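Chemist: Starting from the given sequences, assemble the full structure and let the hints guide the process.
Protein sequences appear in the order of chains W and A.
One point on numbering: in the working numbering, the residue at position 110 of the first sequence is 110, and numbering is uninterrupted.
Add 232 to the 1-based position in the second sequence for the working numbering, that's all there is to it.
For the record, the hints were derived by calculation from the structure and aren't laboratory data.
The model shown is predicted, which means the values in this text are computed figures rather than measured ones.
Glycine included, C-beta positions come from ideal geometry on N, C-alpha and C.
Don't take each hint at face value.
Sample of chain W residues lacking proximity to chain A, with all beta carbon distances greater than 12 Å (derived) [to be verified]: (1) LEU59; (2) LEU63; (3) ASN100; (4) LEU163; (5) HIS224.
Coverage of chain A stretches by chain W, computed from C-beta distances (three or more under 8 Å per stretch; other residues unrestricted) [to be verified]: (6) 252-266; (7) 304-313.
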Amino acid sequence: MQGLYVIKTNIVSYLPVFEDLNEVKSSLRRQKGYYFLIPSKNGHIQGGLLFMEVNLLNLQKTLQNNGILISFAGRFSQEIIEELGDAVKKYLETESISQNEIYNVFSVFIEQTQNIKNYSALKTDCLVREKIANSGIVTIGRSDAGHFVSSGNIMESKDSYALVQKLDIINGLDRAGLKRLYKEQMKKEMVPGSTGAGLGLIDMARKASQPLKYSIDKLDEEFHFFTLKVNI
Amino acid sequence: MQILHIESTKSTPEIHFDPISNRMQIKGQSYPENAFKFYEPLLHWLDEYLQQLEQEVLVELYFNMPYINTSSSKCMMMMLEKLDEAYQSGKKVMILWYYDEDNETAMECAEEFKEDLLVPFQITKVEDSSQ
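Modeler: Shown next as structure tokens:
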């Protein structure tokens, strides 16, 4: 077999050699973790599973190289959002930045994590809801341009179009336009069953120093992965 | 009518609505799991209170909210609109909003609420609003 199949990570530390693809598949089904598959010289697939326990040093290096100070991956419960939020504030208070910047980083963090939580809660199909809820990740970091908050989550591919449209409208507006859109949205009737007010993305854009950065990666026909980066 | 009192939590403010002294207070940050569920009883209480309120009684509402997430903002707006309506129908309603001197965002947030309302709305800077 030719070509590269799946590379989820470039960190190689544990590499069992699988004799055939079926074995790879069943192994991947059995175990959760980052994995990669590469073709070996003899035409067999070589696969690797990255076990977090033995790889924390590499993981830490990856986080450091990306300027990430705080990260969490997994299901966002209200308790986790509150605890992480406190940690974010406490950490930022040790740095010499203004109260306003701390406030804005905290605020974007809350909106991003609650957005993921609210989005998963809207799904009536239990499996879809669980898949989305368990896919959340948030990172808070620092670059030359200042602090940033990034989040990611699985989304249903059918929701991508509306999301991209909304983000592009937001990114096309200046400060005054964003304020107007925020107030318009504020006056709208609530979407039945929704726990959000549809204001999160607009609010993040108002607190951002640059346009919202996002990407949507296709996972399969049904699901995409959404990444959002907000520079404060 | 009964006093509505709710203790604060990490993500919800302290609520103290007193129909005898006609003073209502909301104090603390607000980013609950479900803002609409949290604020619904407050909105109902206010509806009932404002309905029985006599024209000459002065009502004061104290707000001190260092952080409000967007869904709580929406609920605050719903609450403020009720107060605005009562004011426009001739009732003596007054809003007093306090913010920490180094929390500019809380001030901007209050000013944005004020922009869309007619009810008297006083925004006051304090040195340490947690006291």
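Chemist: Give a verdict on every hint.
Modeler: Right, here's what the structure says about each hint:
no.: 1; hint: LEU59; verdict: holds, 29 Å
no.: 2; hint: LEU63; verdict: holds, 26 Å
no.: 3; hint: ASN100; verdict: violated, 5 Å
no.: 4; hint: LEU163; verdict: holds, 17 Å
no.: 5; hint: HIS224; verdict: holds, 24 Å
no.: 6; hint: 252-266; verdict: holds (count 4)
no.: 7; hint: 304-313; verdict: holds (count 3)
Comparing the model with each numbered hint stated earlier shows that hint 3 is the single one that does not hold.
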